[in-house]
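Asks: Sequence:
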Amino acid sequence: MVIHGIKDTILANVHSQWRKPSSCVSFFEESHIAMAAYSIALLPGDGIGPECMDATRIVLDQLVQEFSGLDLSFKSHRAGAELFRESGETLPDQVLAECLAADAVLLSAIGLPDVRYPDGTEVQPTMMVGLRRALNVHSAVRPVKLYPGAPCALKETGPGIDFIIIRENLEGLFASFGGGAKVGNEVATDTLVVTRKGTSQVSDFAFRLAQRRSGRPSDGKKMVTCVDKANVFRSMAFFREVFFDAAKAYPQIDANAVYVDAMSLYMVQNPWDFDVLVMENQFGDILSDLGAGLVGGLGLGPSAEMGEENGLFQPSHGTAPQLAGRNAANPMATILSAAMMLDWLGDKHSDPVCHDASIVLEGAVAKVLADGKIQTRDVGGTSSTTEVAQAIAQALSHCTATSV
Numbered sequence: 019m020v021i022h023g024i025k026d027t028i029l030a031n032v033h034s035q036w037r038k039p040s041s042c043v044s045f046f047e048e049s050h051i052a053m054a055a056y057s058i059a060l061l062p063g064d065g066i067g068p069e070c071m072d073a074t075r076i077v078l079d080q081l082v083q084e085f086s087g088l089d090l091s092f093k094s095h096r097a098g099a100e101l102f103r104e105s106g107e108t109l110p111d112q113v114l115a116e117c118l119a120a121d122a123v124l125l126s127a128i129g130l131p132d133v134r135y136p137d138g139t140e141v142q143p144t145m146m147v148g149l150r151r152a153l154n155v156h157s158a159v160r161p162v163k164l165y166p167g168a169p170c171a172l173k174e175t176g177p178g179i180d181f182i183i184i185r186e187n188l189e190g191l192f193a194s195f196g197g198g199a200k201v202g203n204e205v206a207t208d209t210l211v212v213t214r215k216g217t218s219q220v221s222d223f224a225f226r227l228a229q230r231r232s233g234r235p236s237d238g239k240k241m242v243t244c245v246d247k248a249n250v251f252r253s254m255a256f257f258r259e260v261f262f263d264a265a266k267a268y269p270q271i272d273a274n275a276v277y278v279d280a281m282s283l284y285m286v287q288n289p290w291d292f293d294v295l296v297m298e299n300q301f302g303d304i305l306s307d308l309g310a311g312l313v314g315g316l317g318l319g320p321s322a323e324m325g326e327e328n329g330l331f332q333p334s335h336g337t338a339p340q341l342a343g344r345n346a347a348n349p350m351a352t353i354l355s356a357a358m359m360l361d362w363l364g365d366k367h368s369d370p371v372c373h374d375a376s377i378v379l380e381g382a383v384a385k386v387l388a389d390g391k392i393q394t395r396d397v398g399g400t401s402s403t404t405e406v407a408q409a410i411a412q413a414l415s416h417c418t419a420t421s422v
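Take any residue in the sequence shown, count from 1 to its spot, add 18: that is its number in my numbering.
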């Protein structure tokens, strides 16, 4: 693939490292080779969620116009905290059925801090855990990638920052969700669950992803790192054992393990030495936000939750109710999540049009960031959500992808 109309410095960074642009070999089981019509279930959610989703639609609608053969149909559904406030439901059965029937789910942001259950917990986690389990999206992917023009928390960035955090998405400490115990006002417990099946699944996913990437920025070495606390917890020692069992099927990829506390240090000291990191659910939840802080913040942090059949795509940030209705939120994380969605659809359906569209969409975001003229406040600008979306939509025509 070749992207035209972007400076060489951006070109070197825009070919997303969650994909292999020059290949349309399915990351999952190959399906049909056709330019299909894809149904996308939209969950705008709460707070700034609807504004970010509207901005993403501006860009996706323009992308469909730019690409002959790209056919996306969207259906929006209400879900989340505001709906719970009105009806007592966060995710109605009919909405869940629509998500299961769709080719992919694009979610913006869910939850509000003042909408809680009687026990004091927020409604968002219950909805999200339930949705993940229903979709069986076992692997969560969080790119940590520094784009030209994005603010960086580090003084030195070495050869660049571009690694992936993969968290097992259905087990770990989150498996205890709703099932913990509280004894009076003195003791509370939750259980961390690690299974061979779940750990094998996410480890295999991580190695397959590493095969498609260009390796770590420091030397191009393809590497998967298991992040755990195997020196203390039996569950983590088991996670590591299963990880290295999975590694035997990928002798061409380096496999190593690092304790989670040490990794939080290394991510700050030398992030360019990492390629793909795989870890338990809670560890991934924490370290992925640290990673986002290195490369411009959650407003630039996309995420994907993937299984063999279903994909759920959403920004890493929350609902930021203090910004809601002000047209001030950064829509780039949602837009980049949509790019990941297109890439996943391209892989799943062996569809080169989706692959090309994904590359162009990410390229347009990178171009607007590098230009530095139209940016929201979180990345040093004064532009509105809509202005950023319009700038990205206009940049699409300068980022045409063609097959070579």
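The hints are simulated quantities; they were obtained by calculation from the structure and are not laboratory data. Values in this document were obtained by computation on a predicted structure and should not be read as measured data. Treat each hint with caution, since some may be false.
Derived pair list, reagent style DMTMM-like, types lysine to aspartate or glutamate, alpha-carbon separation capped at 25 Å [to be verified]:
| # | residue 1 | residue 2 |
| --- | --- | --- |
| 1 | Lys-247 | Asp-272 |
| 2 | Lys-93 | Asp-121 |
| 3 | Lys-391 | Asp-72 |
| 4 | Lys-239 | Glu-204 |
| 5 | Lys-247 | Asp-279 |
| 6 | Lys-239 | Glu-259 |
| 7 | Lys-200 | Glu-140 |
| 8 | Lys-215 | Asp-72 |
| 9 | Lys-240 | Glu-326 |
| 10 | Lys-239 | Asp-208 |
| 11 | Lys-247 | Asp-263 |
| 12 | Lys-266 | Glu-204 |
| 13 | Lys-240 | Glu-204 |
| 14 | Lys-239 | Asp-263 |
| 15 | Lys-200 | Asp-121 |
| 16 | Lys-173 | Glu-204 |
| 17 | Lys-239 | Asp-279 |
| 18 | Lys-215 | Asp-272 |
| 19 | Lys-93 | Asp-72 |
| 20 | Lys-240 | Asp-291 |
| 21 | Lys-240 | Asp-279 |
Label-pair ranges, simulated between beta-carbon atoms [what the hints assert, rightly or not]:
| # | residue 1 | residue 2 | range |
| --- | --- | --- | --- |
| 22 | Cys-170 | Gly-198 | 48 to 54 Å |
| 23 | Arg-134 | Val-201 | 18 to 24 Å |
| 24 | Gly-148 | Asp-389 | 39 to 45 Å |
| 25 | Asp-263 | Gly-399 | 29 to 35 Å |
| 26 | Pro-269 | Leu-172 | 31 to 37 Å |
| 27 | Arg-103 | Asn-274 | 43 to 49 Å |
| 28 | Gly-148 | Ala-171 | 31 to 37 Å |
| 29 | Arg-134 | Ala-199 | 46 to 52 Å |
| 30 | Lys-391 | Gly-178 | 19 to 25 Å |
| 31 | Lys-391 | Ile-304 | 33 to 39 Å |
| 32 | Gly-202 | Val-250 | 36 to 42 Å |
| 33 | Lys-391 | Ala-206 | 31 to 37 Å |
| 34 | Ser-218 | Asn-274 | 14 to 20 Å |
The C-beta atom is built at its ideal place from N, Cα and C for all residues, glycine as well.
Asks: Against this structure, judge whether each hint is valid.
Replies: A quick look at each hint next to the structure:
no., hint, in the structure
1, Lys-247 - Asp-272, "20 Å, holds"
2, Lys-93 - Asp-121, "11 Å, holds"
3, Lys-391 - Asp-72, "21 Å, holds"
4, Lys-239 - Glu-204, "50 Å, violated"
5, Lys-247 - Asp-279, "8 Å, holds"
6, Lys-239 - Glu-259, "23 Å, holds"
7, Lys-200 - Glu-140, "17 Å, holds"
8, Lys-215 - Asp-72, "39 Å, violated"
9, Lys-240 - Glu-326, "23 Å, holds"
10, Lys-239 - Asp-208, "38 Å, violated"
11, Lys-247 - Asp-263, "18 Å, holds"
12, Lys-266 - Glu-204, "46 Å, violated"
13, Lys-240 - Glu-204, "48 Å, violated"
14, Lys-239 - Asp-263, "21 Å, holds"
15, Lys-200 - Asp-121, "40 Å, violated"
16, Lys-173 - Glu-204, "45 Å, violated"
17, Lys-239 - Asp-279, "23 Å, holds"
18, Lys-215 - Asp-272, "22 Å, holds"
19, Lys-93 - Asp-72, "13 Å, holds"
20, Lys-240 - Asp-291, "10 Å, holds"
21, Lys-240 - Asp-279, "23 Å, holds"
22, Cys-170 - Gly-198: 48 to 54 Å, "38 Å, violated"
23, Arg-134 - Val-201: 18 to 24 Å, "22 Å, holds"
24, Gly-148 - Asp-389: 39 to 45 Å, "41 Å, holds"
25, Asp-263 - Gly-399: 29 to 35 Å, "48 Å, violated"
26, Pro-269 - Leu-172: 31 to 37 Å, "34 Å, holds"
27, Arg-103 - Asn-274: 43 to 49 Å, "47 Å, holds"
28, Gly-148 - Ala-171: 31 to 37 Å, "34 Å, holds"
29, Arg-134 - Ala-199: 46 to 52 Å, "20 Å, violated"
30, Lys-391 - Gly-178: 19 to 25 Å, "23 Å, holds"
31, Lys-391 - Ile-304: 33 to 39 Å, "34 Å, holds"
32, Gly-202 - Val-250: 36 to 42 Å, "28 Å, violated"
33, Lys-391 - Ala-206: 31 to 37 Å, "51 Å, violated"
34, Ser-218 - Asn-274: 14 to 20 Å, "18 Å, holds"
In this structure, the earlier hints numbered 4, 8, 10, 12, 13, 15, 16, 22, 25, 29, 32, 33 are contradicted, and the remaining ones agree with it.
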